[in-house]
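*Asks:* Each chain is listed here by its residues.
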Amino acid sequence: MTITEAPQATRRLTTSKAMVEAIAQEMERDPSVFYLGEDVGAYGGIFSSTTGLLERFGPQRIIDTPISETAFIGLGIGAAVEGMRPIVEVMFTDFMGVCLDQIYNHMAKIHFESGGNVKVPMVLTMAAGGGYSDGAQHSQCLWGTFAHLPGMKVVVPSTPADAKGLMTSAIRDDNPVVYIFHKGVMGLPWMVKNPRSIDEVPDGEHTVPIGEARVAREGSDVTVVTLSLSVHHALDVAESLAPQGIDVEVVDLRSLVPLDRDAIVASVAKTGRLVVVDEDYLSFGVSAEVVASVTDRDPTLLRVPPQRIAVPDVPIPYAHDLEHAVLPRHDRIERAVRTAMGR
Amino acid sequence: MTQTLDREPAADVRHRLDLLREMVRIRLFEERCVELYSAAKIRGFLHVAIGEEAVAVGVNAVLDEGDAVVSTYREHGHAIARGMSMDSVMAEMYGKATGCSRGRGGSMHLFDVGRRFYGGNAIVAGGLPLAIGLALADKMRMRPTVTVCFFGDGAFAEGEFHECVNLAALWRLPVLFACENNLYAMGTAIARAQAETDLALRAASYGIAAWPVDGMDVVAVEEAADRAVDRIRAGGGPCFLELRTYRFRAHSMYDPERYRDKAEVARWRERDPIDLLTHQLTAEGGLSAEARDAMAAEVTAEVDRAVAAAEAAPLEPAEDLERFVYTETEA
Ligand SMILES: Cc1ncc(C[n+]2csc(CCOP(=O)(O)OP(=O)(O)O)c2C)c(N)n1
Ligand SMILES: [Mg+2]
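Same order as they appear, the protein sequences are chains A and B.
Take 1 as the starting number for the first sequence in the UniProt record's numbering and just add one per residue.
Take 1 as the starting number for the second sequence in the UniProt record's numbering and just add one per residue.
The set of hints was computed from the structure by calculation and includes no laboratory data.
Built from N, CA and C at the ideal position, the CB exists for glycine as well.
Wrong hints could be hidden among the right ones.
To be verified - These stretches of chain B come out as covered by chain A in the derived footprint (C-beta under 8 angstroms, 3 or more residues):
{"no.": "1", "stretch": "186-199"}
{"no.": "2", "stretch": "310-323"}
Stated by the list, open to error - Here are a few chain A residues that face chain B, going by a calculated C-beta distance under 10 angstroms:
{"no.": "3", "residue": "Gln25"}
{"no.": "4", "residue": "Asp39"}
{"no.": "5", "residue": "Tyr43"}
{"no.": "6", "residue": "Ala71"}
{"no.": "7", "residue": "Leu75"}
{"no.": "8", "residue": "Tyr132"}
{"no.": "9", "residue": "His138"}
{"no.": "10", "residue": "Glu218"}
{"no.": "11", "residue": "Ser220"}
{"no.": "12", "residue": "Pro317"}
Unchecked claim - Covered stretches of chain B (in silico footprint by chain A; criterion: 3 or more residues with CB under 8 angstroms from a CB of chain A, positions within the stretch not fixed):
{"no.": "13", "stretch": "100-106"}
{"no.": "14", "stretch": "260-269"}
All chains should be modelled from the sequences, with the hints used to inform the complete structure.
*Replies:* What follows is the structure, encoded as structure tokens:
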């Protein structure tokens, strides 16, 4: 219809600002949207997920809660069932342990249990990931666990533009959507500087369909399927290997549920080589699921065995060197790509 | 310290000098940690308890060797007061193999089984279930021991807190619930999170002895803890102390402190527990300026040694990473 649509104007924003922009725009557009969580008001969210929103929308819609995750997630579910569109923040994915019942037995099942009669249009946001020595209870990703449990969509943006587009889509979705942002992609002034955490973001309304992967870099030799902060690392590795004649394609999943299996298969069909990079634990998780997406469809697409780079099955250690040894960082990604290439 | 307690601790100048020294040890240790954090020697989230030392020292002063302690992420003071060496704690902050948790735990996960110090827990209210379990085990084995569980005012908002206090009361478990009410949970003032801010009153509703204490007065803390622990040891069931205190610095190292007044912080700083006791002892003639300086110098030297040892200590080799996910001894 809009044949003459002008390309959308953009400006450079950090991921956190892009995420906040989407929330603000949706709150302007739809009075049923509100935001709830610990220190999301005056404090602005410890990972800057709500900076400036209290000033703009007031305490009726930007609501600080006590440290009562079970209560306030359940409360979000109740409000959503009544037709509100709450965005509920759990400060760290690691804290899902204290409130998982509300998430997987209630938020994720009510629609099914009610035979489709009851809808839960809520967004559950949380910060994930390590790399800054925050220890075993503050550094996990755990997105694979949410993705494993049916009934909720799971999105994991890596870029500022996707952070905005996926947030907008998540708020408008009639399903519960778990929106997980890695602290390392947010562009926080007090974290290690990440040049990819600031980038062009479309002005105005911007949506990204949930369930569509994105080819972050085209290449012909080997496919790296990854998500969140690991996309940034994979792109760095791809750039460093290009002069050596290794042409890496990087696929950013963006969404785990639904998983864009077609995009994975299409890329591997082209390259014949697969490396999966995931900052979650190795076993029983995302990396195996990605490999199965290919082998279920056509194992002969793989010219060499797939490589999986993830956190070996150990809790995240505090000591900097040990932590970096378990995380999927550049050195490990590069080694896996070289192994896949036989060089 | 426990030995002298029966003989009028409050009147005993030497005993109070010991308490003062313990508080100074924690203060200077943590102040050094802040510096080391700025120098990127210590990483992650660092939560210091500067201003809250009287709580750690006063409560630990009445414990026996066999008693157990469970704490939070703001636990350096509890660990040091419990007798863990500065060397082992500092090495842990450095992530070194000689640290009390071999560098795996970090600032928020200090452990020392020998002293029955069971962490170091970074989940709000996450330590309470563990504490009542320790107490149950002690009770089953008919040990006359007490488990002290430190936690913040913020824990009152979690269901775990209420489940645990109820169970401990119901089964008369030997637990001292030591609530460090510093009036804030991160950036949230207590009145913005708790419908009833009288925490001792709420704890009492579970049918246990519970009362508020001036947490800036180490002697008051010690007396209250002594009374509580006596009662628990005698089989009276759990007790709850609301230790009213204040953290002088940010929640962790980075924190814009937009949620409280500078004037409020200044007011509380006037009740600095170390200054209070120092003035008191000085006024009584129990502490000369020279003795005070000597104490500071000795403690500084102790901190220096811990830092030097941590600097020199080895890291755990990455090959050992998978150790301790599971036990190494055959069942
Ligand atoms: C289950 C859980 N929710 C949230 C957090 C994040 N968090 C860490 S400390 C804290 C405030 C705790 O306040 P309080 O219990 O009063 O202890 P204080 O820091 O004041 O010593 C919060 C919300 C957490 N660690 N665990
Ligand atoms: Mg507090």
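*Asks:* Each of the hints needs a verdict: does it hold here or not?
*Replies:* Taking the hints in turn, this is what the structure says about them:
Under a criterion of three residues with beta carbons nearer than 8 angstroms to beta carbons of chain A, the stated coverage of the stretch 186-199 of chain B is upheld, 6 such residues being counted. Given a C-beta distance limit of less than 8 angstroms, the hint that chain A covers the stretch 310-323 of chain B holds, as 5 residues qualify and 3 suffice. For Gln25 of chain A, the interface hint is violated, the least distance from its beta-carbon to any beta-carbon of chain B being 25 angstroms, above 10 angstroms. Residue-level restraint check for Asp39 of chain A holds (minimum Cβ-Cβ distance to chain B is 5 angstroms; threshold 10 angstroms).
Interface restraint check: Tyr43 of chain A against chain B, minimum CB-CB distance 4 angstroms, threshold 10 angstroms, status holds. Hint status for Ala71 of chain A: holds, given a least beta-carbon distance of 8 angstroms to chain B, under 10 angstroms. Hint status for Leu75 of chain A relative to chain B: violated, with the closest Cβ pair at about 13 angstroms, above 10 angstroms. Look at Tyr132 of chain A: its Cβ gets to within about 6 angstroms of chain B, closer than 10 angstroms, so that hint holds up.
Taking 10 angstroms as the C-beta cut-off, the interface hint given for His138 of chain A holds, the closest approach to chain B being about 6 angstroms. Interface hint status for Glu218 of chain A: violated, as the beta-carbon distance to the closest one in chain B is roughly 34 angstroms, over 10 angstroms. Because the closest C-beta pair between Ser220 of chain A and chain B is about 34 angstroms apart, greater than 10 angstroms, the hint is violated. Against a cut-off of 10 angstroms between C-beta atoms, the interface hint on Pro317 of chain A holds, since the closest Cβ of chain B lies about 5 angstroms away.
Given as covered by chain A, the stretch 100-106 of chain B passes the check, having 5 residues with a CB less than 8 angstroms from a CB of that chain where 3 are the minimum. Counting residues of the stretch 260-269 of chain B whose C-beta lies closer than 8 angstroms to any C-beta of chain A gives 0; at least three are required, and the coverage claim is violated.
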